[in-house]
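> Those protein sequences? They're chains Z and W, same order as listed. Be aware that the first sequence starts at 1, since it is given in the numbering used here, and climbs by one per residue. Be aware that the second sequence starts at 1, since it is given in the numbering used here, and climbs by one per residue.
Derived from the structure by calculation, the hints contain no laboratory data.
So, partial list: chain W residues that the calculated Cβ filter (under 10 Å) puts toward chain Z:
{"#": "1", "residue": "24"}
{"#": "2", "residue": "30"}
{"#": "3", "residue": "81"}
{"#": "4", "residue": "129"}
{"#": "5", "residue": "141"}
Pairs of lysine-lysine residues, derived as DSS-like cross-links and limited to a Cα-Cα distance of at most 25 Å, are as follows:
{"#": "6", "chain 1": "W", "residue 1": "94", "chain 2": "W", "residue 2": "83"}
{"#": "7", "chain 1": "W", "residue 1": "94", "chain 2": "Z", "residue 2": "98"}
{"#": "8", "chain 1": "W", "residue 1": "94", "chain 2": "W", "residue 2": "79"}
{"#": "9", "chain 1": "Z", "residue 1": "96", "chain 2": "W", "residue 2": "103"}
{"#": "10", "chain 1": "W", "residue 1": "144", "chain 2": "Z", "residue 2": "29"}
{"#": "11", "chain 1": "W", "residue 1": "103", "chain 2": "W", "residue 2": "157"}
{"#": "12", "chain 1": "W", "residue 1": "90", "chain 2": "Z", "residue 2": "29"}
{"#": "13", "chain 1": "W", "residue 1": "160", "chain 2": "W", "residue 2": "114"}
{"#": "14", "chain 1": "W", "residue 1": "144", "chain 2": "Z", "residue 2": "96"}
{"#": "15", "chain 1": "Z", "residue 1": "98", "chain 2": "W", "residue 2": "103"}
{"#": "16", "chain 1": "W", "residue 1": "69", "chain 2": "Z", "residue 2": "67"}
{"#": "17", "chain 1": "W", "residue 1": "33", "chain 2": "Z", "residue 2": "67"}
{"#": "18", "chain 1": "W", "residue 1": "157", "chain 2": "W", "residue 2": "83"}
{"#": "19", "chain 1": "W", "residue 1": "94", "chain 2": "Z", "residue 2": "29"}
{"#": "20", "chain 1": "Z", "residue 1": "96", "chain 2": "W", "residue 2": "105"}
{"#": "21", "chain 1": "W", "residue 1": "114", "chain 2": "W", "residue 2": "134"}
{"#": "22", "chain 1": "W", "residue 1": "144", "chain 2": "W", "residue 2": "83"}
{"#": "23", "chain 1": "Z", "residue 1": "96", "chain 2": "W", "residue 2": "134"}
{"#": "24", "chain 1": "W", "residue 1": "160", "chain 2": "W", "residue 2": "10"}
{"#": "25", "chain 1": "Z", "residue 1": "98", "chain 2": "W", "residue 2": "90"}
{"#": "26", "chain 1": "W", "residue 1": "114", "chain 2": "W", "residue 2": "157"}
{"#": "27", "chain 1": "W", "residue 1": "79", "chain 2": "Z", "residue 2": "67"}
{"#": "28", "chain 1": "W", "residue 1": "144", "chain 2": "Z", "residue 2": "98"}
{"#": "29", "chain 1": "W", "residue 1": "105", "chain 2": "Z", "residue 2": "98"}
{"#": "30", "chain 1": "W", "residue 1": "83", "chain 2": "Z", "residue 2": "29"}
Remember, it's a predicted structure, so these values are computed and weren't measured experimentally. In this text, a Cβ means the ideal position worked out from N, Cα and C, and glycines have one as well.
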Amino acid sequence: MGYLIHYSTIFFLFLGCFFILSGSVGLIKLPDVFSRIHAAGLIDTLGTGFIILSLIIHSGFSLLSLKLLLIPLFILFTSPISGHAISLFAHESGYKPKAKLKR
Amino acid sequence: MPKNNPDSPKTISIIVYFILLFALWFVLSGYLKTLLLFFGLISVIFVLWMSVRSKSLNYDAFPLKLLIKLPIYWIWLIKEIIKSGLTTTKIIWKGNYTPQLLKVKASQKNDTGKANYANAITLTPGTVTIEINKDTFLVHALSKELAEDLQSGEMDKLIKGLHK
Numbered sequence: 001m002g003y004l005i006h007y008s009t010i011f012f013l014f015l016g017c018f019f020i021l022s023g024s025v026g027l028i029k030l031p032d033v034f035s036r037i038h039a040a041g042l043i044d045t046l047g048t049g050f051i052i053l054s055l056i057i058h059s060g061f062s063l064l065s066l067k068l069l070l071i072p073l074f075i076l077f078t079s080p081i082s083g084h085a086i087s088l089f090a091h092e093s094g095y096k097p098k099a100k101l102k103r
Numbered sequence: 001m002p003k004n005n006p007d008s009p010k011t012i013s014i015i016v017y018f019i020l021l022f023a024l025w026f027v028l029s030g031y032l033k034t035l036l037l038f039f040g041l042i043s044v045i046f047v048l049w050m051s052v053r054s055k056s057l058n059y060d061a062f063p064l065k066l067l068i069k070l071p072i073y074w075i076w077l078i079k080e081i082i083k084s085g086l087t088t089t090k091i092i093w094k095g096n097y098t099p100q101l102l103k104v105k106a107s108q109k110n111d112t113g114k115a116n117y118a119n120a121i122t123l124t125p126g127t128v129t130i131e132i133n134k135d136t137f138l139v140h141a142l143s144k145e146l147a148e149d150l151q152s153g154e155m156d157k158l159i160k161g162l163h164k
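Construct all of the structure, not just a fragment, from the sequences and the given hints.
Spelled out as structure tokens, the structure:
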């Protein structure tokens with residue numbers, strides 16, 4: 001059981017780090033603002049999500065894991081708002097996305 | 001319209017807010033002493049009194065039946081986030097992005113439902129809500145398959161069921 005907890009912690013931590021790495025690569029690699037927001041959203045949801053999951057497994061199920069669960073809960077509400085705000089102001093200030101509008 | 005509501009849903013939602021706030025206080029502090037619990041109770045009541053006084057409570061935000069439907073919806077949302085996150089990761093590493101703008105129709109009736117739908121679209125990686133008109137969202141998607149996934153309307157239907 002101890003081994004299981006240990007190795008699943010390592011596995012999920014590695015997975016979260018991988019998603020944060022690929023989000024950061026996407027932030028540099030993708031062409032315009034609107035596409036880069038997607039990469040940032042990847043860091044917000046999957047990166048922090050998996051890292052906090054591994055921390056919950058590591059700490060055992062106690063009051064501490066409830067506290068840790070509150071972090072993704074607040075990210076769940078705040079991260080889309082920041083993404084929407086950036087894209088809305090980019091759109092309103094006349095920045096054209098590379099994509100065409102499809103009907 | 002919170003003003004035209006009769007008094008009873010108001011008190012119910014205040015009680016729900018009270019339970020949520022006190023649970024939040026307890027989880028964050030973790031104290032079990034009577035005196036400290038009493039202080040927590042006082043601070044929760046003070047916050048509730050202030051927000052009722054400043055009329056910043058949203059009275060239709062927590063219908064009680066939502067508490068049953070919400071966990072099912074969250075599990076579905078996590079599944080969706082992981083699925084589209086994997087697609088986005090693949091696009092980032094391979095580099096074959098075909099970004100698309102599309103208009104999505106939202107069939108939710110009230111504002112909370114629309115906000116929830118727009119939130120869910122932005123939360124799943126690969127799709128971002130840019131602009132909200134009355135009931136159409138302007139959505140930027142990172143690839144064709146993500147856009148088609150959104151246009152199938154599964155998420156729309158689920159969130160509409162959530163806010164009935």
